[in-house]
Structures are given as C-alpha cells and as structure tokens.
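Participant: Be aware that the sequence shown starts at 1, since it is given in the numbering used here, and climbs by one per residue.
Source of the hints: derived by calculation from the structure; they are not laboratory data. None of the values given here were measured: they were computed from a predicted structure. For every residue, glycine included, the Cβ atom is placed at its ideal position computed from N, Cα and C. Treat the hints loosely; a few may be bogus.
[Said to hold, decoys possible] Label-pair ranges, simulated between beta-carbon atoms:
no., residue 1, residue 2, range
1, Lys372, Ala319, 24 to 32 angstroms
2, Lys372, Thr136, 44 to 52 angstroms
3, Asp133, Glu88, 19 to 27 angstroms
4, Lys239, Gly68, 19 to 27 angstroms
5, Ala180, Ser254, 28 to 36 angstroms
6, Ala326, Lys113, 35 to 43 angstroms
7, Val210, Gln87, 32 to 40 angstroms
8, Asn237, Ile257, 28 to 36 angstroms
9, Ser137, Asn307, 40 to 48 angstroms
10, Val208, Gln164, 48 to 56 angstroms
[Stated by the list, open to error] Taking lysine-lysine pairs in the DSS-like style, the calculated list, with each CA pair at most 30 angstroms apart, reads:
no., residue 1, residue 2
11, Lys362, Lys60
12, Lys239, Lys327
13, Lys295, Lys239
14, Lys311, Lys292
15, Lys295, Lys51
16, Lys286, Lys312
17, Lys51, Lys327
18, Lys253, Lys372
19, Lys367, Lys236
20, Lys317, Lys303
21, Lys51, Lys372
22, Lys341, Lys329
23, Lys341, Lys295
24, Lys94, Lys329
25, Lys51, Lys253
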Amino acid sequence: MKKKFINVLIGATLFMSPVIFAQTEATSKSIKLGLLLDTSSSMDGLIDQAKSQLWKIINKMTSATYNGTSPNIMIALYEYGNSGLPQESGYIRKVTDLTSDLDILSRDLFSLKTNGGSEFCGQVIQTAFNDLDWSTSTNDLQMIFIAGNEPFNQGKVDFKPVCQKVKNNDITINTIFCGAYQEGVNTLWKKGAELGEGEYFNIDQNEVTVYIDNPYDKVIDSLSTQLNQTYVFYGKNGKRMHLNQYEQDRNAKSYGIANNSLRAISKSSWVYDNSSWDLIDAMNQKGFDFDKIDKKTLPDSLKTLTNEAIKKELEAKAAKRAFLQAKIKKLATKREEYIAKERVIQSSKGNLDNAILVTIEKQGRSKGFEFK
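Model the full assembly from the supplied sequences, consistent with the hints where possible.
Facilitator: Here it is, written out as structure tokens:
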C-alpha cells in the first residue's frame, strides 16, 4: 500500500498524467488476516462484538510499519456453523475474499445472521487455507483467527494435520473460545492454537462493548460526514459504492457514536483506499487514464463540465479531504490520550477485540513490524 499526501497544486496536465498525488515507494510487506466466525444460533453476542470492534481492529493494523513503511493490509471473512448454509459445503461460506476495501468488509460483516448449525473448525480452517491467496513470503504476517464455542474436533476433517499444514506455510492459527477457559482447553481449542503456533483465548461473547466517553467523538463524527462529501464517484458501481460509504457509517454508528469515531479514524488513514469508485483515489493509481472514464457515470454536477472545470472541482475536494483527514488524525491523538487515562479503570480483557489486538501486535513484532 502506498503512502499518500495530497498535492493541491495540480498542474495543467492533470488529465494527461496518471498520478495527481506524490507517493513513496510501496513496501513489499503484507499483513493478511482471515477471520472465521461461528454464526450458529448461540453466537449473536460474538457477531455483535465483531461488528462493534471492527474499526478498532483495523486501526491497530494500520498503525503497523516495517522499517518506516506501511504494509499492504488485507482481511478475509468466513462464517461457519450456520444451518442456513449448504450441508455439502460443511455449513461454511466465504463471505469476503481477502480485500483492502474496508467498506465492503464492513458491509459483509453487518450482513451476517446467526442460525442453528453444526460447527466444523478443521474444515473451515482447511477451506480458508485452500481458497485464499496467501503469500509465499515468510516475511509477511499471516494470521487466522477462529472464534466459536463447540468442540474443535467436530466434523469429518481432522483439525490436527490441517493446523500443522497451515503453520508449515507460515500462517499462524489463533483460537478464540467463547466460554470458560478450561472448557476451551477440554474441547481442544487450546490444542488448535498450539498446533498452529498461535494464541489461545477465551472470551465472554455476550459482553457488550463499552466505550469510554470523551469530548472528541461528536466532533470526529461530524468531520467524518464532511469527509464523505469529498468523494467523487465514477464507473458502473460508483454511485452505489458511495452510498455504501454512508451506509457503513450508519452501521458503525448503530453501536454508538464512539464506534463511528473509530471508523472515521480508519477513513483518515492510508489504508482507506476507494480507487475502484472514487475519482480522486483512482487518479493516484499507476496507469490511470482519465480519458477512459465514462462521464455519464460521474455525479450530475460534473457530467457536462470541461476537463479543466472538473480539474478545479477535484483540486478543491482533494484539498478539503486532506484538511479533514489531518484534523481527524489530530483529534484522534487527543482522543487516545484522554481514553488512556481512563482505560485502566474501565477496560475489559474478556472480549474479541482484546484477543485480536494483543495477538496482532505480538505476532507482528515477531516479524519485525512496529506498532504505534
């Protein structure tokens, strides 16, 4: 992933050049994470935790650097144990392939519903290993997180050789048991983590995420809405994806304004790339050709403008985006400092995000990554 900063002094050759932002050389390092969630009927609390903690997890990943450069970040989502899924698939579904499109990931996560089912841990790990485009480089950080509450050895696929094979390909398996610690040990969740050379956690999946009140969330929330207005959609799916951006704001906010504040912080980071539908992000991509854009797919306010007039509109929006993102980042720092003072009193160690955050940093540091 390339770091960017807005160059508001865009030259007269804007539409002849493929790049309108200054860039630094991309790192070859990657962080790939596969999240495998049990969506059987007893896991409503787990799915709620995932929805309410997604942006906190993403912000931890975006804080990672390797030798001062930011890695490529991709996340995949699977559900398993849902009786609404085909039996022949092992009640398993790849919800989201490895992606860096955070709004797509959020949309898909919020679409999950729980429903009965049989949970086959070995099979879903095997499926994720076989289906996803994992890296062959031992320098990358690659992790699977599997969460659930049924015995780890259910199903026809033996989890033991699967976990060993996955680990032999430099992918770490981390298990999160929803229940008492010893019950997770007795039902082999700890064994799965040991074979995958990862971490074993137990959590209370029904614990409600508690956010610490602070004086910054309302301001950040307002800036996030303004940030959306700097996006200029294009292409067949552009308008729909821009509407989805607002929809994911609403999804995040359904768990409180503090959660949407965390999403806004992600939206202000380098990892929030919408080049597939946003014209400003797209023009940062190598080989971008404005002449190939169908003007009929642009917002109504731009469809009839000359290229020079569109250039001026993009200059203004790019400058405003840079200003808003910088302001959100500054407030985010103050927010974290404020919350840090209260965290010792109010924090909980028994939920999903703590398990994932601790593991990402621990395993990332073992690969040479640094975290803010």
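Participant: All hints, please: hold or fail.
Facilitator: Checked hints:
1. Lys372 with Ala319: 24 to 32 angstroms: The hinted range 24 to 32 angstroms holds for Lys372 and Ala319, with Cβ atoms some 26 angstroms apart.
2. Lys372 with Thr136: 44 to 52 angstroms: Cβ of Lys372 to Cβ of Thr136: about 29 angstroms, so the range 44 to 52 angstroms is violated.
3. Asp133 with Glu88: 19 to 27 angstroms: At 24 angstroms between Cβs, range holds.
4. Lys239 with Gly68: 19 to 27 angstroms: violated (38 angstroms)
5. Ala180 with Ser254: 28 to 36 angstroms: holds (30 angstroms)
6. Ala326 with Lys113: 35 to 43 angstroms: holds (39 angstroms)
7. Val210 with Gln87: 32 to 40 angstroms: Taking Cβ atoms as reference, Val210 and Gln87 lie about 39 angstroms apart, which means the hint holds.
8. Asn237 with Ile257: 28 to 36 angstroms: For Ile257 against Asn237, whose Cβ atoms are near 29 angstroms apart, the range 28 to 36 angstroms holds.
9. Ser137 with Asn307: 40 to 48 angstroms: About 41 angstroms separates the Cβ atoms of Ser137 and Asn307, which means 40 to 48 angstroms holds.
10. Val208 with Gln164: 48 to 56 angstroms: violated (37 angstroms)
11. Lys362 with Lys60: With Cα atoms ~12 angstroms apart, Lys362 and Lys60 stay inside 30 angstroms; holds.
12. Lys239 with Lys327: holds (26 angstroms)
13. Lys295 with Lys239: At roughly 13 angstroms apart (the allowed maximum being 30 angstroms), Lys239 and Lys295 satisfy the hint.
14. Lys311 with Lys292: Distance of about 16 angstroms is within 30 angstroms: holds.
15. Lys295 with Lys51: violated (36 angstroms)
16. Lys286 with Lys312: holds (21 angstroms)
17. Lys51 with Lys327: holds (26 angstroms)
18. Lys253 with Lys372: Measuring from Cα to Cα gives roughly 25 angstroms; hence the hint holds.
19. Lys367 with Lys236: With a Cα-Cα distance of about 40 angstroms, the restraint between Lys367 and Lys236 is violated, given a limit of 30 angstroms.
20. Lys317 with Lys303: holds (16 angstroms)
21. Lys51 with Lys372: holds (23 angstroms)
22. Lys341 with Lys329: With Cα atoms ~19 angstroms apart, Lys341 and Lys329 stay inside 30 angstroms; holds.
23. Lys341 with Lys295: violated (51 angstroms)
24. Lys94 with Lys329: Distance of about 33 angstroms is beyond 30 angstroms: violated.
25. Lys51 with Lys253: holds (11 angstroms)
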